[in-house]
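Hey, can you work out the whole structure from these sequences and the hints?
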Amino acid sequence: MKKGMSRKTRAAVTGQLFVAPAALIVLVLFVIPLGMLVWMSFQDYPLLGSPTFNGVDNYTSIPGNDTFLNAIGFTLAYTGATTVVMFGVSFILVAIANSSRRGSKFYRTSYFLPYVVGTAAATLLWFVDSDTLVGVFNQIPLALGIIKEPIAFLSTPELAFWTTIALVTWKFIGFQVIILLMGLQSIPRELYEAARVDGATVLQQLRYITIPFLRPILALLFILSVTGSLLAFDQFLILTKGGPDNSTVSLVYAVYNTAFVKFDMGKAAALSVVLLVALLLISAVQLPLLRRKDV
Amino acid sequence: MPRNLLRRAVLPALATTALLLAVSACSGGQTADDGPTTVTLWVASPTEAFSKALVDDYNATHDNQVELTAIPDDGFLQKVGSAAGAKSLPDILVSDVVYMPNYTSQGVLLDITDRIKDLPFADALAPSHIAAGTWDGKEYGVPHKLASSVFFYNKDLFKQAGLDPEKPPANFDEILADARAIHAISPNIAGFDFGGNCGGCSVFTQLPYMWANGEKMLTDQGTKADFDNKTTREVFGLYKSLWDEGLTPSNANTQDGSTWADAFVAGNVGMMAQGSAMVGKLQAKATFDWGVARLMSPDGSGTSTFVGGDSAAITATSKHPDAAWDFLQWSLEDHAQIDIVAKNGDLPDRTDLSDNQYTGADPRTKFIVDGVADGQTPFAVPFGELFNDPNGPWIAMVRGAVFGDNPDAAIKDGQAKIQAGLDEAAG
Amino acid sequence: MANSPITAASATKTTLFHLFSGIAAILFLFPLVWAVLSSFKSPTDTSWFPTSFSLANYQTLVDYGSGVLSYAWNSLFSAVLTVVGTVVICVLAGYGFSRYEFRGKRPLFIVILAILMVPYATLLLPLYILLGNIGMQDSLIGLALVLVMFQLPFGILIMRNAFESVPRELEEAANIDGCGPIGALRHVSLRIVTPGIVTIALFAFLASWNEFLAPLIFLNSGDKFTLPMMLVNVRSGTFGEIDFCALQAGVVVAMIPCLVLYLVLQRYYVSGLLNGALRG
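Residue numbers (our numbering), protein chains in the order written: chain A, 1 to 295; chain S, 296 to 722; chain G, 723 to 1002.
One should not assume that every hint holds.
To be verified - Estimated spans, in silico, between C-beta atoms of each pair:
| hint | chain 1 | residue 1 | chain 2 | residue 2 | range |
| --- | --- | --- | --- | --- | --- |
| 1 | G | E894 | A | A284 | 33 to 39 Å |
| 2 | S | D521 | A | A77 | 33 to 39 Å |
| 3 | G | A730 | A | R189 | 55 to 61 Å |
| 4 | S | F583 | A | G64 | 48 to 54 Å |
| 5 | A | G64 | S | P482 | 45 to 51 Å |
| 6 | G | V982 | A | R189 | 26 to 32 Å |
| 7 | S | I480 | G | A730 | 56 to 62 Å |
| 8 | G | I745 | A | P212 | 28 to 34 Å |
| 9 | S | D409 | A | A77 | 56 to 62 Å |
| 10 | G | V982 | S | D521 | 55 to 61 Å |
| 11 | A | A81 | G | F742 | 58 to 64 Å |
| 12 | S | D647 | A | G35 | 52 to 58 Å |
| 13 | G | F742 | S | D700 | 42 to 48 Å |
| 14 | A | F53 | G | R828 | 32 to 38 Å |
Calculated directly from the structure, the hints in this document are not laboratory data.
Even for Gly, the Cβ is constructed at its ideal location relative to N, Cα and C.
As structure tokens, then:
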């Protein structure tokens, strides 16, 4: 029989074997727990007590959940702002990091460094640094005379929003820069040399070589940035605690509160399932970007 | 050749599978033997040092052993919630006393009514803690670490401001007047400080003003809220004046608790309602003389305090309830309470021990301990989500009434939302 | 020469480049440098500008619980497991996804991507129950497996992209030379995708080393706790009061291994190695 196996079938089996370990991990540690989560979403599941089946009650209660509904608008605004800022800044920084000038290695390292600090620790650092009394973000401009009064960075919804985005950019941009850099470095230099011989301008090189080659990487970063921001949570929990006055409660923060402050795991599971479905739909729109058709 | 290749391709996949299986097979359940028992205890990190002193002494003198695990405070609720969901709670759970109704109402804890009643000093155990650990007439918890809210003031700053350092303010008018006098010393010196974006801090320090005026705030087993009253308006009104006149540090409205003691300890604040735990910090770091007073009603006619801290309980799933109780009982006896708890500067859990040689040595700690007798611990199943949670209705009401333009609307709104939360929890 | 307009223009350009890049670098480095400076402050020094020097904050870390080394060891153990697991699984899967057509390829890929889309905090509870059922609660290995799972979407995407940028002709040549699929992967492509491998290894390490919530949920005994858990445990008061000086010392301690690793690895993905390999 094995001899009868077509070349194509054999290749398919080999391919399946290559992905088998990943498939196993995903099955045991993701698909099964996800199934459990879906099961929980149909239960009245007090985290501390025993669960009882309650049908779709957890789902039908979502339209009445103000915290969650308010979080939708905020999270979308945050995702839009973060993605725009992150991409804009990372293009500039990667141009510096990819430069052949002296010092670019140092710059590259300095932009990446904040990424190595854990989110919780980095956020706590910022929390104290942005304090009006002891925070260095205020003390240095005050000492230099740039500002007269300390700025309470977390006191209004707008300030808290932009402070969080500044933190997130500072903390995560290194990741984006490194991935972009890796993509840039993988473009064969011969292409640029050939283009230069043909008299192509810098912009033309960008348009016809760099961007097409970077497409899958850009798409990957875009998807990571969008899903990451839609699921953003830690930075709000620690930096703003959802405040001031509940203006920075993100979707996952609302889910988290339902599960671990209200101890209502059933509702939290239902919210998670809804979020997952929404994100899958959003990603279904983005996924074609990942395919590498027109390179 | 293809088969050879196939085998090579199979190998990594098989190796991973085998690793997974081997790993999952090698850790089975442990069997309990009949020798000395080890019981597990979880405590949130801020209380760790306190509990560890007790556990170390117990382990050194007993065959049974207590294994203490400090859970990061930030993740305590998640940890306990997940462990309860997976039936893997420890034998002893030490939890913030205000969360006790959460656990007792869900059957997470073991009924220890009879064990508590058999204690010779049962009646002396901090009464508000016992009440907080009682559900449907059954008692589930004993006090572990007591904390109470106290009015602190900086005597040095009082002197500099020309005030009598031995005469702390006795009512709200005097607080405001003294705060003005102290702030007049220098723009960098604040008259008063508070955690204006910290639900836990504010409920801990502001409820006593209201209780002191005879208000109940939460009644009927924590199912009825009464915040829409005159006293609430006076309390928030005082804080609003302090904030609006710039008598507080500029970070008071963003203070989420993480640095709320720092300005006072540094000597830059004249007065503050704070937790008894600040005594330790002041003794270690303060370079000025400080005094304590009770939290008073607006007109000064009554005083009260919030008796907080941690309760200890045995979990319903514990396999060693007797060994667990042995530790809890020992921790409340004279030796532990006097030679460990009081000696370390903490408040004893029993009202009959307030005269011990250690607590009595500093009149200020004696003063604090004596205050516990007429203190209260608020009771409500969803207390954490309504009052401590930074997104809850309590802190929204405080912020609306203190920093907002329309305190009256904020209080009415807060009352409605707190009542709605209580109703939802009652089902 | 010095007066030629081209040189002058390029000198101005270089100056502007360094001015801009330098300001950006200062902005990025400042909070970290500040943390390092403040970590050497005396705990009783309450001024915002450090004026004292003391190692007391580091002493606090050394004295805490089972000691900083024990926590660092646990972190290192689970991080190394996570890195090895992530790299092996993602390299194989990335290769499979880029080179082969087979049934179930697309659904599997989508399921792997879906890992990115589940609120992380809520999935931990079912995972905790599941790990309990297979006897891996309170186990650093169980923790590492979960962390590997969360690294899969990123790792597999990166590896798939990396393999796709390797010309198939190279492998076909290797196939003709008598290497099989694994042989072709090992001898030809693996060297070319080294930047990708280094990248996913680095990010797996950072993710595992800094992870707080998963170890908090999965680990029950204090002697298995990891560094980030200790960092947040080093606190003094109630209501979230922070021993900020000790926290800064902790951030510095946790940062150093990551920094060293980054500096050691960076030449692998940014030195034109790819072109060298293609040419050689």
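Results of checking the hints against the structure:
E894/G and A284/A have their C-beta atoms about 34 Å apart, which keeps the hinted 33 to 39 Å range intact. The hinted range of 33 to 39 Å is satisfied by D521/S and A77/A, whose Cβ atoms lie roughly 38 Å apart. Between A730/G and R189/A the beta carbons are some 29 Å apart, a value that contradicts the proposed interval 55 to 61 Å. A beta carbon spacing of about 53 Å between F583/S and G64/A agrees with the range 48 to 54 Å that was offered as a hint.
Look at G64/A against P482/S: about 49 Å separates their beta carbons, and that is inside 45 to 51 Å. At roughly 30 Å, the beta carbons of V982/G and R189/A sit within the given window of 26 to 32 Å. Checked against the hint of 56 to 62 Å, the pair I480/S and A730/G passes, with Cβ atoms roughly 59 Å apart. Checked against the hint of 28 to 34 Å, the pair I745/G and P212/A passes, with Cβ atoms roughly 32 Å apart.
With their beta carbons about 57 Å apart, D409/S and A77/A fall inside the hinted range of 56 to 62 Å. In this structure the supplied range 55 to 61 Å holds for V982/G paired with D521/S, their Cβ-Cβ distance being about 59 Å. In this structure the hint that A81/A and F742/G lie 58 to 64 Å apart at CB is violated, the actual value being about 23 Å. A beta carbon spacing of about 56 Å between D647/S and G35/A agrees with the range 52 to 58 Å that was offered as a hint.
For F742/G and D700/S, the Cβ-Cβ distance of about 44 Å falls inside the hinted range of 42 to 48 Å, so the restraint holds. Checked against the hint of 32 to 38 Å, the pair F53/A and R828/G passes, with Cβ atoms roughly 34 Å apart.
Hint check: violations occur at hints 3 and 11; the rest are consistent with the structure.
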